[in-house]
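Number of protein chains: 2
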Amino acid sequence: MRMEIDIDKLVEEFERGSRVAVARLITLIENDSDSAQVVLDRIFSRTQKAYRIGFTGPPGAGKSTLVYRLSKYYRALDKTIGIIAVDPTSPFSGGALLGDRIRMQELTSDPGVFVRSLASRGSLGGISRCTDDVADLLDAFGKDLILIETVGVGQSELEIAEKAHTVVVILVPESGDSIQAMKAGLMEIGDIFVMNKADHSSAEVAAREIEDTLRLKDTSEGDWRPRVVLTSAIENRGVEELATAIEEHREYLLTAGVLEKKRRKNLYSRVRENILERLEERFLNSELVAGILKKRMEDVYALKVSPYRVARELEQYLKIDI
Amino acid sequence: MRMEIDIDKLVEEFERGSRVAVARLITLIENDSDSAQVVLDRIFSRTQKAYRIGFTGPPGAGKSTLVYRLSKYYRALDKTIGIIAVDPTSPFSGGALLGDRIRMQELTSDPGVFVRSLASRGSLGGISRCTDDVADLLDAFGKDLILIETVGVGQSELEIAEKAHTVVVILVPESGDSIQAMKAGLMEIGDIFVMNKADHSSAEVAAREIEDTLRLKDTSEGDWRPRVVLTSAIENRGVEELATAIEEHREYLLTAGVLEKKRRKNLYSRVRENILERLEERFLNSELVAGILKKRMEDVYALKVSPYRVARELEQYLKIDI
Chain U
103 MRMEIDIDKL VEEFERGSRV AVARLITLIE NDSDSAQVVL DRIFSRTQKA
153 YRIGFTGPPG AGKSTLVYRL SKYYRALDKT IGIIAVDPTS PFSGGALLGD
203 RIRMQELTSD PGVFVRSLAS RGSLGGISRC TDDVADLLDA FGKDLILIET
253 VGVGQSELEI AEKAHTVVVI LVPESGDSIQ AMKAGLMEIG DIFVMNKADH
303 SSAEVAAREI EDTLRLKDTS EGDWRPRVVL TSAIENRGVE ELATAIEEHR
353 EYLLTAGVLE KKRRKNLYSR VRENILERLE ERFLNSELVA GILKKRMEDV
403 YALKVSPYRV ARELEQYLKI DI
Chain R
103 MRMEIDIDKL VEEFERGSRV AVARLITLIE NDSDSAQVVL DRIFSRTQKA
153 YRIGFTGPPG AGKSTLVYRL SKYYRALDKT IGIIAVDPTS PFSGGALLGD
203 RIRMQELTSD PGVFVRSLAS RGSLGGISRC TDDVADLLDA FGKDLILIET
253 VGVGQSELEI AEKAHTVVVI LVPESGDSIQ AMKAGLMEIG DIFVMNKADH
303 SSAEVAAREI EDTLRLKDTS EGDWRPRVVL TSAIENRGVE ELATAIEEHR
353 EYLLTAGVLE KKRRKNLYSR VRENILERLE ERFLNSELVA GILKKRMEDV
403 YALKVSPYRV ARELEQYLKI DI
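Quick mapping for you: the protein sequence lines, in order, are chains U and R. Numbers given in the numbering used here equal positions in the first sequence, counted from 1, plus 102. Numbers given in the numbering used here equal positions in the second sequence, counted from 1, plus 102.
Don't read these hints as lab results, they were simulated from the structure. Don't take each hint at face value.
The list makes no distinction among identical chains, and a pair is therefore deemed to hold if it is satisfied within one copy or across any two copies.
Unchecked claim - DSS-like mimics (lysine-lysine), calculated; alpha carbons at most 27 angstroms apart, straight line:
(1) LYS421 / LYS397
(2) LYS364 / LYS181
(3) LYS397 / LYS151
(4) LYS406 / LYS151
(5) LYS151 / LYS364
(6) LYS151 / LYS111
(7) LYS396 / LYS364
(8) LYS406 / LYS364
(9) LYS367 / LYS397
(10) LYS406 / LYS111
Using the sequences plus the hints, can you model the full thing?
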């Protein structure tokens, strides 16, 4: 019960606008999924107001610097900002160059900005849940914009597309190999493509390549046509153009009714993930199933029976009833 | 029933050594998980004999070329080889430079080698299952070594560590940023680290950096100490050293009894994944749960109730019984 009381007190302080309370609640959410549920139950009705923008791309593409520049731009327009970094290489997570860290400190000293990095080790499911929950918390705290930075290769990119309303894919003009790779996974999820480090001579060629690839995409009349923006985060060029492209995408989502669909999809997949976690926990840990599973695994190890057959056998013990 | 008969016939041809049957069975495994189960049930008792080596690293690190060189090396020792590419940028998957593709064709014309790339779009779970099943199939087909190439950033790297007996992480001497990134995820899973493109002047510095990082790892007496090998896949240098390091790791696994533990862990997680897929399918699609879920999702969308609360409610309908 002591824990519950602490959470109540923290949520009260959170409601009075305490940044310390936000930080502590995030730590609770990160470390303990039971507490996360208590917190979310309490604050959920005040969420889903902030606009969520995801930033993804390969390590070293300059995601953090661009997030910093964009934050400064939005702050000048008096918008409040929450930044969530789900990227082990982000300077927000402490793992980067001195110049980056200094810029980040400048941001964190602004009361209109709340920055938090999430540990990216641990289970995929855990990080995914945590990103959603922390975004909700910053949303309920009243932030206008939530910027989510995530390292975008592999499968995490698919997740950001479910969490963010606008996905910005940040690329650098590089060797053909890497661009090929990025395209493979990232072309499908980007609403806006940024070719960063545009001072590089090959940037315009690379940007055209991306535009060509995008043109091949099967889009119907009225669909969003992804934008390509050239930026130089270091020199602070192209940031306004990027903000304009984001705003255009937001307006498209609102006009086409897609924003509400995206919100619903995210909420549904959170319910689904949470149900599956509970099913796993209860089913595999039940005395009946755990006992049979232990015995049958020996047969699998001895190659007497396939993994599939054992799964089929165990499925029989699942009953659904009031 | 027709499908079952076809599978029987294919498995018979497979047993007689038909490469065409292998290719067709893999297509079945890829496209249809029900058929995959029938196939696996039939061949499972003959699996778990091949040694499985995983190759992971960032796009453009030269994974495919190194897999090619190593395959040639093993073929000269008369070992048979199965290659599985789970990487959209792999030349095995058709997405690469001409020189690579020519090398790959040379491999595929050798009857001692069977090469297959797996579609890497689709659900993470689906690809993961498929990789295991195809590895089993090539194993039962009598291949001595299974080489699995996977793009290693994000979370897929954690999977290769469960599927392969030896994990080779391939890096290139590059900008500090990228190496940081790679380290974050890859340092923990590599049994052997390859610094490829060792003609590059910075290769030795980068290799030393990796060795330094490895030294910080908390290893007990008798634990495997990851090796660092310098290679140049293009110039065919360092390949024998890599093969030696792989052999040393295999001997370590056998002596320390770890190989059997790895095999069991992989088999257990396959049973577990398959059970969870079945639970999800049956639970969420049951009339009772689907009906309530649909209704309660409207309350979630209206912010009346949190995703967690709905998941808790639905959990109540799970019963476990004979």
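The hints, checked one at a time:
1. LYS421 / LYS397: both (21 angstroms within a copy, 21 angstroms between copies)
2. LYS364 / LYS181: Result: close within a single copy only, 23 angstroms intra versus 52 angstroms inter.
3. LYS397 / LYS151: between (51 angstroms within a copy, 23 angstroms between copies)
4. LYS406 / LYS151: Close across copies (14 angstroms), not inside one copy (55 angstroms); limit 27 angstroms.
5. LYS151 / LYS364: Classified as within: same-chain Cα gap 13 angstroms, cross-chain 47 angstroms, threshold 27 angstroms.
6. LYS151 / LYS111: Within. Shortest intra-copy distance 24 angstroms satisfies the 27 angstroms Cα cut-off; inter-copy 59 angstroms does not.
7. LYS396 / LYS364: For LYS396 and LYS364, only the inter-copy Cα distance (17 angstroms) is at most 27 angstroms; the intra-copy one is 42 angstroms.
8. LYS406 / LYS364: between (47 angstroms within a copy, 18 angstroms between copies)
9. LYS367 / LYS397: between (40 angstroms within a copy, 15 angstroms between copies)
10. LYS406 / LYS111: between (57 angstroms within a copy, 22 angstroms between copies)
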